[in-house]
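Chains as they are written, first to last, in the numbering used here: chain E, 1 to 359; chain H, 1 to 359; chain V, 1 to 359.
Hints are computed from structural coordinates only; laboratory data are not their basis.
Just to be clear, a hint being listed does not mean it is correct.
Only pairs whose alpha carbons sit at most 27 Å apart, straight line, appear in this in silico DSS-like list of lysine-lysine [what the hints assert, rightly or not]:
no. : chain 1 : residue 1 : chain 2 : residue 2
1   : V       : K144      : V       : K251
2   : V       : K177      : V       : K144
3   : H       : K39       : V       : K39
4   : E       : K39       : H       : K39
5   : E       : K113      : E       : K203
6   : E       : K39       : V       : K177
Please read all numbers here as calculations on a predicted model, not as lab measurements.
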Amino acid sequence: MRHLVTLDDLSNYEIEQIFRLAAGMQSQLDTWAGICRSKLLATLFYEPSTRTRLSFESAMERLNGGTLGFADPGATSTTKGETLADTARMVTNYADIIVVRHNLAGSARVMAKYANIPVINGGDGSHTHPTQALTDLYTIIRRKEKVEGLSVGICGDLRYGRAAHSFALSVARFGGKLVHIAPEGLQMPPWVLTRLDQIHGQKPIEVETFQEVIDTLDVIYVNRLQEERLPPTVDIQEVRGSYLLNSAVMKNAKPDSMIMHPLPRVNELSYELDDDPRAAYFEQSANAVPIRMALISSLMGLEQLILTQPPQRVISKSVDQCQNTNCITNHETYLDLERETFNGTAKVNVCAYCGTLDE
Amino acid sequence: MRHLVTLDDLSNYEIEQIFRLAAGMQSQLDTWAGICRSKLLATLFYEPSTRTRLSFESAMERLNGGTLGFADPGATSTTKGETLADTARMVTNYADIIVVRHNLAGSARVMAKYANIPVINGGDGSHTHPTQALTDLYTIIRRKEKVEGLSVGICGDLRYGRAAHSFALSVARFGGKLVHIAPEGLQMPPWVLTRLDQIHGQKPIEVETFQEVIDTLDVIYVNRLQEERLPPTVDIQEVRGSYLLNSAVMKNAKPDSMIMHPLPRVNELSYELDDDPRAAYFEQSANAVPIRMALISSLMGLEQLILTQPPQRVISKSVDQCQNTNCITNHETYLDLERETFNGTAKVNVCAYCGTLDE
Amino acid sequence: MRHLVTLDDLSNYEIEQIFRLAAGMQSQLDTWAGICRSKLLATLFYEPSTRTRLSFESAMERLNGGTLGFADPGATSTTKGETLADTARMVTNYADIIVVRHNLAGSARVMAKYANIPVINGGDGSHTHPTQALTDLYTIIRRKEKVEGLSVGICGDLRYGRAAHSFALSVARFGGKLVHIAPEGLQMPPWVLTRLDQIHGQKPIEVETFQEVIDTLDVIYVNRLQEERLPPTVDIQEVRGSYLLNSAVMKNAKPDSMIMHPLPRVNELSYELDDDPRAAYFEQSANAVPIRMALISSLMGLEQLILTQPPQRVISKSVDQCQNTNCITNHETYLDLERETFNGTAKVNVCAYCGTLDE
């Protein structure tokens with residue numbers, strides 16, 4: 001049984017195979033349209049979502065499968081007080097594959113442990129959002145052919161942005177060079193930086209404004225900046241100005257660079273760029289469906305040649321409680337504590353659920 | 001690409017074609033059952049709805065298509081702060097046709113401008129509700145063969161009732177004579193009255209009670225009366241009594257008249273009329289599904305002979321902000337202002353989004 | 001037209017036929033997979049539910065039918081103020097079969113009276129939950145071959161627990177002997193006890209703790225104990241301790257007994273029992289889908305040999321208002337009052353909607 005809890009669940013080879021299948025599905029859907037007939041996708045959204053949920057439902061319906069689930073916390077009151085383990089066991093009886101979004105880090109891993117069907121992480125707290133990262137990576141490769149050697153700037157709220165975490169780690173895995181553009185207090189968290197350093201041998205450039213780096217970037221990945229998360233010492237007006245990508249800023253960018261955004265945007269990405277040929281965010285949005293079609297098919301074993309080279313991982317029992325108060329292990333007490341170990345230049349131990357570094 | 005934002009998007013010929021297809025689908029569904037196979041309808045309900053949403057979902061499923069979307073504002077929090085333009089672009093990737101309900105007038109028109117797939121207006125603020133009006137008109141024609149020459153009374157909240165607006169305008173287009181029955185403060189708004197006068201050459205009779213006109217009506221169309229919208233000068237008890245259609249009132253009505261109501265009813269339509277042969281509201285409700293089946297099929301081009309004679313319309317850029325504070329153009333600032341011009345006995349300019357008269 | 005409002009709508013023979021069909025569907029789904037093609041199930045959940053709703057949706061999708069409906073009260077605001085009769089008439093136009101959950105007792109019966117399609121009760125107030133009881137009974141029969149002669153303990157909140165009511169009555173019908181284990185204030189209500197006595201000739205053993213009876217039970221059916229419903233005179237800590245089923249308690253139970261729970265569980269059923277071979281609650285959960293597949297197919301007449309021996313029932317008009325303030329007849333005033341009469345050792349009259357005893 002294969003799951004997609006984090007991108008560590010897939011080898012680079014497997015990711016490339018998924019991209020090939022997605023491209024085929026995008027250009028010639030009819031070939032695959034019946035592949036999920038009589039199969040059911042459960043969409044378990046403990047946090048509201050429109051984009052992720054609808055793109056999964058669309059992907060499943062395009063393959064002639066069905067969907068069921070819940071779309072918002074209000075409808076899940078009967079699962080409140082129910083553990084994720086029990087919910088996973090229940091849904092195993094109702095569906096053939098699960099996508100879950102939850103406000104706590106590590107929750108998708110719990111689902112995967114207790115469900116007897118494949119589980120896809122649709123976003124878990126501030127941890128990770130691997131299907132967004134797959135879509136992002138695919139979008140870059142469609143425009144640029146490869147990620148290797150590209151200079152990739154990620155800006156906005158890098159601390160709490162789960163999409164930013166998955167994206168940064170996946171860019172590094174495929175050989176892109178990262179530039180982090182974030183205001184004080186919202187920089188990339190230590191667990192991501194340590195992995196980039198120890199596993200991928202990369203210390204990203206960290207700056208606070210576009211201006212310092214805009215002319216060097218091949219990819220400009222804009223994220224929402226949630227102002228309420230800024231520390232009180234920061235001047236909000238100044239930050240707001242600094243993190244608005246508009247035509248003026250893009251004047252200094254490379255002519256063949258590409259602008260990305262996971263959407264929805266609020267104020268950080270100007271509408272005046274929509275017709276700029278460097279704007280890639282609408283095609284990024286369109287790529288969400290074929291990527292999810294390819295992923296669902298692969299995880300369900302319907303395209304058997306795709307997932308044949310799983311990555312090797314070192315996971316062991318742990319006795320230490322995770323330090324992350326938003327980790328699911330601090331909320332559901334029946335869970336076995338586990339750590340994952342990475343052997344880079346130094347040995348790194350992290351919580352196997354939420355990725356937080358052992359102290 | 002054809003949309004149904006208001007009934008002005010369809011010519012009378014096209015409406016009649018849709019009715020013919022609906023009648024065929026109603027009597028012999030099997031012939032058309034597979035017409036939407038592998039197609040997806042997005043149901044975007046920013047305002048809660050049971051009847052409109054479920055009848056659209058039923059229509060799509062009956063044609064073997066699929067549906068996805070959101071059913072209430074709570075589940076759409078990720079689209080909050082997202083413009084309708086961006087949501088439209090997003091959903092274009094997920095579905096083949098959209099139905100949208102929204103609390104602001106003109107919002108369906110915005111969706112139609114930015115989506116690359118057909119958009120159906122499922123009700124926009126206090127503006128219009130064209131699929132309800134099509135259902136209503138079809139119901140009259142099924143009983144009376146034609147609308148022309150009929151005396152059609154519309155009663156209840158005519159000011160804010162979007163279904164009443166669409167219905168009145170469509171009755172006039174097909175030659176029916178309107179009688180408006182509404183209490184002080186809830187009469188038909190100027191933008192509807194002006195159109196009826198200038199475009200259709202009709203000044204409706206306006207009265208305040210059933211009693212004055214009940215014996216003259218061929219069609220009695222009852223709407224809910226939302227008491228909280230009555231001006232404080234009005235005696236609620238008195239109004240409540242005056243706007244209850246019951247057996248006593250119907251004693252004075254024509255024996256071949258028909259009673260209509262878009263449902264749900266609250267207190268304005270007595271249960272004792274349910275078995276009166278003049279009650280047409282349950283068949284009106286049943287007609288909702290075949291009308292929506294015919295409409296979906298036609299807009300998606302699956303029945304290519306239906307929408308071949310689009311109406312001519314005069315729409316131009318405008319520089320004046322719309323005076324309607326509930327018009328979408330006063331809430332989403334990236335929109336181009338546009339006006340529509342009607343050449344009746346006098347020239348009438350209205351906001352192209354919400355229909356409000358230029359001042 | 002057949003409905004499932006309470007288990008009194010089915011004869012024992014018919015229930016056994018449904019079980020046979022469910023077993024066939026469970027072992028060889030392919031044979032039946034297309035049986036509901038082009039059919040629609042309306043899921044009308046006025047109260048939130050995850051388990052019941054998703055298992056019905058899964059059942060319908062497994063049979064290749066479609067689903068539509070609402071999942072929570074928020075999305076049904078347009079039906080607020082609408083009577084159940086009108087909603088039933090509306091949904092008749094949209095679907096082929098209805099499952100309804102509602103907070104008022106008797107509401108499913110109202111739907112069944114006004115819909116022209118089959119209605120299944122998915123739980124009505126504190127009254128009854130017949131599809132859960134069918135699942136429970138089926139689970140016992142799969143393990144124990146028959147219910148007759150088994151000693152069946154039901155514990156927890158028996159007063160308000162609709163699943164407990166249906167289960168107790170169905171166990172008695174099939175010859176099981178009941179033991180009721182409940183704290184003061186949460187014992188089985190008079191309407192259930194009177195039926196057990198008058199119709200099934202059974203006075204259940206009533207105790208307050210597991211310990212008194214655990215070694216005698218063949219089936220141990222645990223229910224949630226909603227602490228906020230306990231009378232103030234009761235010591236909550238003590239009750240909480242007494243109603244926790246764990247390994248220590250199960251040491252004294254029969255080695256071939258079975259543990260059941262309708263799930264979700266909160267604190268009353270310990271995780272340490274999950275690997276006990278007597279734990280039957282996960283298979284009970286898995287049985288929900290085949291039972292609902294068999295029921296949907298049978299009620300829609302798709303398996304015509306199943307429902308051929310309906311029970312005889314005596315229902316007559318009544319003039320007395322039902323004493324149950326949560327009975328739908330006290331909330332929707334257009335309803336005809338009706339009573340059902342059982343001729344046991346004495347004659348028993350009950351409200352035909354909610355089962356409450358005539359006073």
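Which numbered hints fail: 5, 6
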